[in-house]
Amino acid sequence: MNYLTQRLLTFPLILLGVSVLVFVAIRMVPGDAITAMLGTEAGLLTPAQRSALAEYFGIDQPVHIQYWRWLTGLFEGNFGISSTYGRPVLEVILERFPLTLELALLSMVIAIAVGIPAGVFAATHNERTSDLAVRLFAMIGQSTPSFVFALLIIYVLSVFFGYLPAMGTFTPLWVDPLANLSQLIFPAITLGLAFAASVTRISRSSMLDVLSDDYVRTARSKGASGRSVIWHHALPNAVIPVVTLSGVEFGYLLGGAVIVEEIFALPGIGRLVLDAINQRDYALVQGTVLFIALNFLIVNLIVDLTYAALDPRIRLGNK
Amino acid sequence: MHLTHTKRLLAGLAVATALGSVALAVPAQAADLRMAWAQDATGLDPHKQTAFSSLRLLELIYEPLVRLNPSLEVVPAVAESWEFSEDGLTLTFKLDPEAQFSDGTPVTSEDVKASFTRLLDEATGAAARSNFLSIESIDTPDATTAVFNLSQPDAPILVAMATINAAIVPASAVAAGTVETTTLGSGPFTLENWDPNSRVVLSTNENWAGGDVPIDGITIAVLPDEAAILASLRAGQIDFALLNDPLVATLVPNEPNLQLNRVPGLAYNVLQLQPARPPMDDLKVRQAISCAVNRQEIVDTALIGEGEVTGPLTMPVYASDPSTLFCYEQDVAKAKELMAESSAPDGFTAKVIAATGEPPVAASEAQVLQAQLAEIGIELEIEMLELNVYVDRWLAGDFDMAVAQNGGRPDPYPMYNRYFTKDGNLQNVSNFVDEEVHELLEQGRVETDVEKRKEIFQKFEARLAELSPWIWLSTSNTYTAQLKTVQGFEPSPTGTLFSLSNVSID
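Respectively, the protein sequence lines represent chains A and B. Counting from 1, position 157 in the first sequence corresponds to residue 157 in this note's numbering; the numbering is continuous, with no gaps. For this note's numbering, count along the second sequence from 1 and bump the result up by 319.
Keep in mind that the hints were calculated from the coordinates and are not lab data. Note that the structure is a prediction, hence the values are computed from the model and not measured. The beta-carbon is built from N, C-alpha and C at its ideal position, and this holds for glycine as well. Careful: at least some of the hints might be erroneous.
Here are the computed distance ranges between Cβ atoms for each label pair [claimed, not checked]:
no., chain 1, residue 1, chain 2, residue 2, range
1, B, Gly496, A, Arg50, 17 to 23 angstroms
2, A, Ala309, B, Gly496, 23 to 29 angstroms
3, B, Thr804, A, Leu101, 35 to 41 angstroms
4, A, Phe75, B, Thr804, 53 to 59 angstroms
5, B, Glu698, A, Ser212, 57 to 63 angstroms
6, B, Asp825, A, Tyr155, 26 to 32 angstroms
7, A, Pro62, B, Glu754, 39 to 45 angstroms
8, B, Thr804, A, Leu136, 42 to 48 angstroms
9, B, Gln689, A, Leu16, 20 to 26 angstroms
10, A, Gly77, B, Gly496, 26 to 32 angstroms
11, B, Thr497, A, Arg50, 19 to 25 angstroms
12, B, Asp825, A, Pro62, 43 to 49 angstroms
13, A, Ile65, B, Thr497, 38 to 44 angstroms
The whole structure should be built from the sequences, with the hints applied where relevant.
Next comes the structure, spelled out in structure tokens:
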């Protein structure tokens, strides 16, 4: 059996585990769809009213029956119906997902475009003032919470430029690319800069390691130019930890950037799941978490396959 | 290399800004009101929804028989007139013959009957049902007359009908079971599109009997962060917004193009004590707490001045002057004296629950109370809870003390019968029964003379403040903010946005 098949076969097992976890976890949280909808007014309900509402929200059955129904539904591609949206869960998720994917890609592009050159620069200027400056910025970038960045951007834009991208009414890329970009660029910068800070730090330290390797010295002694040694000999090897980091970060971003989505009012996966938890929309929470888990598995698999492509010495599956 | 990197970043920013300006240059449709709020509606069934945003949205789409104007007087909506019989046992409504649903079908007495029948049916699960239990039957002698037969005189029922929870929905929708999913109302707007937690699109209802609406429609964006709402107003991206957080609202007047509409709401901030748990079962302990609390200081610090000290009643018609109520001036000496005579002379430790962000000032209120009660040897441990968790604990009465913001009503009876009558639905939250308080509420329910009702409820309020099952603190303001180009909005203590039907944009 080849490596890819082996990995793909583990997916259903992991997803089954996730499905149990999320199913139980969301039900262990106090409150239900009824109190989420009515708040303290739920106390005015008579027992008959309460059971009518429980039936409406599908929470009147014992938990194991609810789980069985949901699980068998999954095999038929039915993720359930969201009580908030009154629509199939999968439909709602797929509607929100393009935004999250686009935001994650944009952030990653920003992170890599800024982070790798900055890391290489710092490594080649090791312990000089410019290196310290890059490291300082990276440290600030990594330790500043994204909501501070986000609010700062909104404040600066609206106060000093009297401008703010239209929020709340999101324009998909295929409808109007310019409007879409104007709405996503600032959230992407917010996420991308923090992400870039980690990329900078990892690529700097990894580059420093590689630069002291024998083969780099050999390349130098054979007369390769400094630039060529760095970009052609050292970087391809130094970049592997960066791929790992980016993969993990990208996986997280596909789960939605809750805070940034909240502040910039972007209807992505992160807000979807947060609102679903707040409204105790069980079907939607379960479906979204499962979807996020699947994304994470896929991204991880791609990262592992990328290793092999980057470094022929890595033979997947024959460890 | 560092320089080129900076240049690239700057260039990127410049491009982004340019892109933004392009988007900005696209002219906005002047006749659509662009609105924002932080919390979206949670559903579309007017009989079942109780969340603030849901009510505010549905008030634009549906109409009750009567509604309250900003002075909290009952005014016509679907009904053009109404009358109680001499014995108070029948309430007759004459419907506006012009009233029609947005699809053009007239609103008839059959719709009224079907709506209330649905509301009273336990299978509907409408929390507001508890306000209408005195309705015995509804007669419909003709298409524009609806007669409510009551089992006992019920003065507050008219005010209870003046909420969107008693909306008139089409009898056909009730029969088809579509009220939950499809909106069809007789209000000034119709719902074009609702993308939950993202945006709502309303268009003007051409068939509305209430007159011409100057705008073409309303687009409501959900911006969960109120600082972003303020920034959007500042940048002119939206015309109108609902604000909840006083810290954000008080920044609005700093902006020359913006206007803040501030109106004292009917809701009240309160420290609920749990009299079922010792030592809060001891009257002296409760009174000591009431005397130790400096209400004005809480308003000035936790609420940054945005509110008024209040007794149990918040509606201007019935509210007493707070300074006449028991220990409304802080009196630490008296509080210490009461504590010394109480069952807990050495003080005690209590846990106080509060909901995160609901209201936004809950945490700071709890902290100020903690400091004030420490003066008389009561040590408060603050437990901040996620809203649903808080609601769960609150409904179960599972707390020593709770910082709460409870909804107000324009009439004292529906506001407090749930907590303080013997058979009140929320008796297990208040755990407090007092014969006199119960009697006064029941008297207020059947008395129809306004002056006599005022007397009854003044006694009720004084008694409640003296027994201190809860420590009533303050009202809060409700806020809307708008561009100065928006004309004609009149805010109301109920928080309703119904007046958006009168708004025009310059």
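How the hints compare with the structure:
Judged by the Cβ atoms, the range 17 to 23 angstroms given for Gly496 (chain B) and Arg50 (chain A) holds: they are separated by roughly 20 angstroms. Between Ala309 (chain A) and Gly496 (chain B) the CB atoms are about 57 angstroms apart, so this pair departs from the stated range of 23 to 29 angstroms. Hint check: Thr804 (chain B) to Leu101 (chain A), Cβ distance near 38 angstroms, so the stated range 35 to 41 angstroms holds. Look at Phe75 (chain A) against Thr804 (chain B): about 56 angstroms separates their beta carbons, and that is inside 53 to 59 angstroms.
Look at Glu698 (chain B) against Ser212 (chain A): about 60 angstroms separates their beta carbons, and that is inside 57 to 63 angstroms. Look at Asp825 (chain B) against Tyr155 (chain A): about 27 angstroms separates their beta carbons, and that is inside 26 to 32 angstroms. For Pro62 (chain A) paired with Glu754 (chain B), a C-beta distance near 44 angstroms keeps the hint of 39 to 45 angstroms intact. Between Thr804 (chain B) and Leu136 (chain A) the Cβ separation comes to about 46 angstroms, which falls inside the hinted range of 42 to 48 angstroms.
At about 47 angstroms, the CB distance of Gln689 (chain B) to Leu16 (chain A) disagrees with the hint of 20 to 26 angstroms. In this structure, Gly77 (chain A) and Gly496 (chain B) meet the distance hint of 26 to 32 angstroms, their C-beta atoms being roughly 27 angstroms apart. For Thr497 (chain B) and Arg50 (chain A), the Cβ-Cβ distance of about 23 angstroms falls inside the hinted range of 19 to 25 angstroms, so the restraint holds. The hint said 43 to 49 angstroms for the Cβ distance between Asp825 (chain B) and Pro62 (chain A), and at roughly 60 angstroms that hint is violated.
Between Ile65 (chain A) and Thr497 (chain B) the C-beta distance comes to about 28 angstroms, which lies outside the given range of 38 to 44 angstroms.
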